[in-house]
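Chains as they are written, first to last, in our numbering: chain E, 1 to 286; chain L, 1 to 286.
Derived by calculation from the structure, the hints in this document are not laboratory data.
Watch out, some of these pointers could steer you wrong.
If chains are identical, the list can't say which one is meant, so a pair holds when it fits in one copy or spans any two.
Said to hold, decoys possible - Quick list of in silico lysine-lysine cross-link-like pairs, DSSO-like style, CA-CA up to 30 angstroms:
id: 1; residue 1: Lys43; residue 2: Lys2
id: 2; residue 1: Lys212; residue 2: Lys2
id: 3; residue 1: Lys44; residue 2: Lys2
id: 4; residue 1: Lys43; residue 2: Lys251
id: 5; residue 1: Lys77; residue 2: Lys2
id: 6; residue 1: Lys212; residue 2: Lys44
id: 7; residue 1: Lys120; residue 2: Lys251
id: 8; residue 1: Lys273; residue 2: Lys120
Protein chains: 2
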Amino acid sequence: MKIIETVAEFRQEWANLKELESLSLGLVPTMGFLHEGHISLVKKSVSQNDVTAATIFVNPTQFGENEDFEDYPRDMKSDLDFLDCEGVDIVFVPSLEEMYPEGFETSINVGSIATRLEGKYRPGHFSGVATVVCKLLSICRPDRAYFGQKDAQQCAVIMALNRDLCLGSEIVVGETIRSSDGLALSSRNSYLSDSEREKALSLSSGLFAARKLWRSGENASDRLRSVVLNEILSGNSEVPVEIDYVSVADKNTFMEIDRIEEAGNAIILVAAKIGTTRLIDNVALV
Amino acid sequence: MKIIETVAEFRQEWANLKELESLSLGLVPTMGFLHEGHISLVKKSVSQNDVTAATIFVNPTQFGENEDFEDYPRDMKSDLDFLDCEGVDIVFVPSLEEMYPEGFETSINVGSIATRLEGKYRPGHFSGVATVVCKLLSICRPDRAYFGQKDAQQCAVIMALNRDLCLGSEIVVGETIRSSDGLALSSRNSYLSDSEREKALSLSSGLFAARKLWRSGENASDRLRSVVLNEILSGNSEVPVEIDYVSVADKNTFMEIDRIEEAGNAIILVAAKIGTTRLIDNVALV
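Can you build the whole structure from these sequences, using the hints too?
Shown next, in the form of structure tokens:
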């Protein structure tokens, strides 16, 4: 009888017994309406794994009551074509009933990291994310799962989930993909009118300006936040803007930082409604 | 590219690709201090699977602040001998730090079933159980996992957890194992003095008497509950007894039943402190 004390040894022992080391699986969970940000994750997975699976599921439990679950853009046919072209092997497109059968009441709370920033402005959001991602990782049991840096706090929540519940995947974070004018790609950009899209550029340009100021030696967070705020609130656009937060935060805990002592630890994040469309973006201070 | 809509199909497809159908794993999670109840689960697993793993881990997060985590009986050497003799292949004995590393904050809530009976008298208990069982099932990924009917509500909580999070195991419930005098085996029986053990017999004898009355045609829950209460509270023992609940409940939802309309759906449960030792027991109305 083998006596084992660590998670890693247990998995290795069972894998040896089963001899299942033959094929690796990469998983790219998405809510569909795919753009180049998703595709960059798919490409990464295809290059790093023997088999790539993607999921398309607009998860209702991560939307607040007054949010856009019903209106969230969907285009299954185009998504499937996209994935097929990129060499995806399996796509999992569960129904609502398959994911949330009658009697479903389970929820996962990953703790303090999920209470800050997005967690504060979207109560319940990260519990919905953690629960559905736990399900997808449990169903698919991938070697690697791929998420985008645009949703930086979501990535941290999923890393905590994966670590705490021993879900056994490597979480791979792909860089934010942007339009040539700087706007971070998001399925929700499809909601924007031309003038709103113009205004939305202030999010990324504000972040870039703050990063530039930091690179020139400014370490005080309030000065960096002001740069972003001014960029968003300046100009003569008639598009209504409502800023939820501009934050300089620790990139792991997402707690606010007053002064940036060390390169590589901090991230500037912004969330704002441009017209009726809520957008988020971030840049790392590196 | 394969397009898949259900969990079962996804798992089958990936298993086919990996050709990992070779060996089945049974898992028997325990808190150690093993008795014949645990051993009956181990025997069942050994008979139903190619490989059997057991875990020994006294999980702090399922104990309340004023409960017996520190005092919970432990005897690792004897437990390992027991398991080895029974043909267990792997035993997982993680440290506290291995299961709850620094920064661990995740918890799982399975919803309303966990708020009743044991959940009401032991707030947080089922969240601790669900979280640690999720971890163990995620780490070990067994084909079947074994739990005892003595902890009937725990079995229901774990079934909900396994179903809701798609953990992918079959949950197998083994019958309650009793001493020849009727007392349900429990590691906590080791706390009992001779006079307390004598008094503790009233739990099982009360349940048996109520089941007998039901079998003779009595369908009113309050009459059945009275039988159990009277049995526990009668007699001249000087052992102090504190009853948390006597419940006639639906065996799936654990909601109280007023009148038993159908055989096989109801269960009578009792929880009481005998001296300072809290014991639980139940019988199904079949």
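Okay, the hints, checked on the actual structure:
In this assembly of identical chains, the alpha carbons of Lys43 and Lys2 lie at most 30 angstroms apart only when taken from different copies (18 angstroms versus 40 angstroms within one copy). In this assembly of identical chains, the alpha carbons of Lys212 and Lys2 never lie at most 30 angstroms apart, being 56 angstroms within a copy and 46 angstroms across copies at closest. Taking the closest pair of Cα atoms, Lys44 and Lys2 come within 30 angstroms of each other only across two copies (20 angstroms); inside a single copy the shortest separation is 37 angstroms, beyond that limit. Proximity of Lys43 and Lys251 under a CA criterion of 30 angstroms is satisfied intra-copy only: 25 angstroms inside one chain copy versus 49 angstroms between copies.
Taking CA atoms no more than 30 angstroms apart as the test, Lys77 paired with Lys2 passes between copies only; the shortest distance there is 14 angstroms, against 50 angstroms inside one copy. In this assembly of identical chains, the alpha carbons of Lys212 and Lys44 lie at most 30 angstroms apart only when taken from the same copy (29 angstroms versus 65 angstroms across copies). Taking the shortest Cα distances, Lys120 and Lys251 sit within 30 angstroms of each other inside one copy (17 angstroms), while across copies they are farther apart (39 angstroms). Taking the closest pair of Cα atoms, Lys273 and Lys120 come within 30 angstroms of each other only inside a single copy of the chain (15 angstroms); across copies the shortest separation is 42 angstroms, beyond that limit.
When held up to the earlier numbered hints, the structure conflicts with hint 2 and nothing else.
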